[in-house]
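*Asks:* Residue-level listing of the chains:
Protein chains: 4
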Amino acid sequence: MSAMTGMNVGFVGLGAMGKAMAANLVRAGHSVQVWNRSPAPVQALVAQGATAAPDLETVFANDVVISMLSDDAAVESVLLEPELLANASATVHVNMATVSVALAQRAADLHAKYGLGYLAAPVLGRSEVAAAGKLNILAAGDSTLLDHVEPLFTAMGQRTWRQGDQPHHANTIKIAGNYLVACAIESLAEACTLAEATGAQPSELIDVLTHTIFPGPVYTGYGTMVAEQRYEPAGFRLALGLKDVTLALTAGADSRVPLPFGSVLRDAFIDAIAHGDADRDWTAVADVTRRRAALPRRHDGPFH
Amino acid sequence: MSAMTGMNVGFVGLGAMGKAMAANLVRAGHSVQVWNRSPAPVQALVAQGATAAPDLETVFANDVVISMLSDDAAVESVLLEPELLANASATVHVNMATVSVALAQRAADLHAKYGLGYLAAPVLGRSEVAAAGKLNILAAGDSTLLDHVEPLFTAMGQRTWRQGDQPHHANTIKIAGNYLVACAIESLAEACTLAEATGAQPSELIDVLTHTIFPGPVYTGYGTMVAEQRYEPAGFRLALGLKDVTLALTAGADSRVPLPFGSVLRDAFIDAIAHGDADRDWTAVADVTRRRAALPRRHDGPFH
Amino acid sequence: MSAMTGMNVGFVGLGAMGKAMAANLVRAGHSVQVWNRSPAPVQALVAQGATAAPDLETVFANDVVISMLSDDAAVESVLLEPELLANASATVHVNMATVSVALAQRAADLHAKYGLGYLAAPVLGRSEVAAAGKLNILAAGDSTLLDHVEPLFTAMGQRTWRQGDQPHHANTIKIAGNYLVACAIESLAEACTLAEATGAQPSELIDVLTHTIFPGPVYTGYGTMVAEQRYEPAGFRLALGLKDVTLALTAGADSRVPLPFGSVLRDAFIDAIAHGDADRDWTAVADVTRRRAALPRRHDGPFH
Amino acid sequence: MSAMTGMNVGFVGLGAMGKAMAANLVRAGHSVQVWNRSPAPVQALVAQGATAAPDLETVFANDVVISMLSDDAAVESVLLEPELLANASATVHVNMATVSVALAQRAADLHAKYGLGYLAAPVLGRSEVAAAGKLNILAAGDSTLLDHVEPLFTAMGQRTWRQGDQPHHANTIKIAGNYLVACAIESLAEACTLAEATGAQPSELIDVLTHTIFPGPVYTGYGTMVAEQRYEPAGFRLALGLKDVTLALTAGADSRVPLPFGSVLRDAFIDAIAHGDADRDWTAVADVTRRRAALPRRHDGPFH
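Chains Z, R, F and S are the protein sequences, given in the same order.
The first sequence maps to residues 1 to 304 in the UniProt record's numbering.
The second sequence maps to residues 1 to 304 in the UniProt record's numbering.
The third sequence maps to residues 1 to 304 in the UniProt record's numbering.
The fourth sequence maps to residues 1 to 304 in the UniProt record's numbering.
Rather than coming from a laboratory, the hints here were simulated on the basis of the structure.
Please note that the accuracy of each hint is not assured.
The list makes no distinction among identical chains, and a pair is therefore deemed to hold if it is satisfied within one copy or across any two copies.
List time: in silico SDA-like cross-link candidates among lysine to any residue, alpha-carbon distance up to 20 angstroms [unchecked claim]: (1) K243 / P296; (2) K243 / A102; (3) K243 / Q105; (4) K243 / S203; (5) K243 / A16.
This is chain Z alone, in the form it adopts within the complex (with noise of 0.2 angstroms):
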């Protein structure tokens, strides 16, 4: 089997994230076997050419498996079956979602107990990137493996990070980016009402600053959003925001590493959503800065 001629891959869990994924393996010529628990994205899929699985022991039966599943309890309850692992005849088991680290250990142990490899491959970049092939992807594991799912991560990312052969560690990455992102935001949140308290405009500056300094995406995305106050389309739903806080203070717990700035998303966060902005764009984490400035909300998103 090679990438020339294609690789059978199974995969599970078509949501946002997972049908671009899968349709981009189906596009580079593999053939690919989909589960989802819901049956429309699976049609989906079928129609660009994938094979619906008809449970998941036969998904296992693949040689690669590839899993994008939407947090720990959904990957706990849908692959981390003892029958299923111990039956599976595929080689390796590539784990693409965002899962805590803990999670991640388990995940490999539980793989190496019944002889099953086990990649770990989270990715940077939404659901436009996905479907652009674009994913930057951190992948950690047996490098054996690693080479072995290569044409696969080649035809849904733009490059793949190598971070050891401890699959965990790819996790640390993700969840320590994601971290990174978060902080940005509300840095940004802070920066911005200061000045417009002061009688400055944020907007302009966001622009100075993501014409100097702060380049990217994230400070030039979220940047305009929070200048702006404009927090729909949710492109990350805030209540998501939470969770991945909360896998870094988690992480940072059983590490012993306080993180304060962690402590203090994790509050504006709860009081975004006690203040119902959980399906905002997690950019709305900037109204708490305002509020608690008592600066005025604006009235003509939806949510109001």
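Add chains R, F and S to chain Z, keeping to what the hints say.
*Replies:* Relative to chain Z, chains R, F and S alone:
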């Protein structure tokens, strides 16, 4: 008087930044008369073509006065003297220092009282950027005056970013910009410490992020220093970092804006100074994060 | 069966607290059947007049079951077994442990499902208070059931504080009470460190305050320990302190209540544990405050 | 001159505290000459048996000068005048105001320079306590001078707590004491908000705790106000609360002591002031905690 033939400029404050800026003015063909509290930098500038002002009164007889002093106290004691301003014949005083919003407002009022033009024009960029004439200049105040001094900005910077007609708004933007840098450093410290404590490589984290979603000098430069625990030489002293965070917190308090990240930063910088790191680069605040997690401190630096 | 002649009580969990409480029930003339995971405390109670239960099913055949387990996990695994509850003939189960609000709600629901009465009755007071029968008991649930077990509370405590008919409200009050103690310890640590660093005497600070506006056991007892940096013997282990702070933070997150002091506490306890203080008294969190200020740590304790 | 026959006392500052204290000195048989910036309180004291001082020079010709001014700025401008101190014939000046540690040190140095005795004697207790002569007086400085003025302390307070021979240590203790009160208020606010949000009764929480482990005026008085959301009348204005927290933070920064609870308090008080609560009692900071959790604010107060 035009930029073609050069302008008459009085320049006050020849620290690391000021001497580089004044030298660029000389190089651009302007007639520059310099003043500094200590004599050595004056002689260096004279050797490059400037003239030495016998006193501040003489400096303020030039068409344009530019000042680049270290902090509020220096500006207050050197420049905000009623007698000096009352007798000045200059068209405009351009204050390029990083000062508080409150001082900027007081300075603008005082200059207005004596019929002297006043502009605020703090800069982004350290001394090596100043030497290269590549500063980004954040300028605010009367637009006619801004037009008048633009040739001087051109000689010192790569671009002028106008921030409206209220001088202190430029100071707010500058303070907010430095605040964002301080926040980025702390968040990098926390993310790298988390990575290290869980066994991953901080340098890998910085590598992947600065080549993807966090490009630019702040994350690349400071991220590398944090990941490598290399806090010397001090590009920007940690004690000055506390000064700048305090400028933001004070502006926030005056405008009733809580800044919780700023509060964390203030505590962290005080902690660093308590441990003897006032004169290291402000990235040394990362050692506070490491100490909280009981991670070992590198022992090869000159301070330990 | 009446309080005059003694009640039939099954007692689960003979840790430091439970064994003292069960002994007081025996002493008050009740018929007490005990169960514990490890056998030694069972023998001790039998020597005092209790009987040993062969299994949990037997315990749940008594009129009243009282449990005093260490945490959520223990309650979950030992008591929340559907089969156990379905077959129980007891009138009521009184859960006196400090557990999470969420677990308390789940436990109440599960008992209701099987037609078994359920009361929450966490306590204020450590093991020496329990031994003296002087606990303050925070009790909530059905008032008829509360009346029924009041003779047992009378044997164990100095007073019962009823908190309404929702069992989990008693747990909330208990968690909030412990939260206030943790906050008091941290604030004492900060105040004492400030006093010491400015040259004043922490012990003088504690002396004047506890004799004026801050009387009572918390400020007097913990204040003295903090002022003297005496963190042994551990009346309450620091690791349990982090558990209790986490119970408050989790209840807060579930109810959308940001708790910024709690976030500071969590970071401080993690810091203390990173430095090896998990088994010292929770006042050892004061060493975190001292370390931030670079004050020397006492070197005469057994941990150094 | 003995306490039997009364002492000659100059008294500066007749605010709510000062006028009650001066009246008690008169009542105890001392000869009291008063000075105040505004005349009304002077007349009130004269009606009670004091005499009006024509100027501050005359005040400083008494044997003992007592001052009770509102803050550092008032002390600085009214009392720390070299000419005034140089010409004073008083034995000792007793500064009973709550001032910064830095100002206390400067004041002690300045008095020493002019050969004038200086004591610091800040107090615990509000105006009604002052009126009842029940203040707790924290006194520090030369012990002979302290002995000399003890009869005056006896007239104003229930007890004098000596804090050594460095005057500023008494100020540190006072600042640390107020800091503990502010911390207690915030922790009560968080605990009550947690209780309310989970459906329990904040008033029950306060009832059980103040009758068990948290007796005393701070938890009982402030706890009740917080639980009932009753922030008027203002026994201590919230704006003064921010001033006192800032005194602690500044003393901390000067001594290199991070105070993370203080940082949270500062942000919370700024938030409260941004929402118009500067003149309510400082327990109104509890509304910040409630607002973070999106709990409704009571609408029957005079400010809303």
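*Asks:* Now tell me if each hint is right for this structure.
*Replies:* Evaluation of the provided hints:
1. K243 / P296: So K243 and P296 fail the 20 angstroms test inside a copy (28 angstroms) and across (27 angstroms) alike.
2. K243 / A102: Intra 15 angstroms, inter 19 angstroms, cutoff 20 angstroms: intra and inter.
3. K243 / Q105: For K243 and Q105, only the intra-copy Cα distance (19 angstroms) is at most 20 angstroms; the inter-copy one is 23 angstroms.
4. K243 / S203: neither (29 angstroms within a copy, 25 angstroms between copies)
5. K243 / A16: Within one copy only: 17 angstroms inside, 37 angstroms across.
Checked against the numbered hints given earlier, this structure breaks hints 1 and 4; the rest are met.
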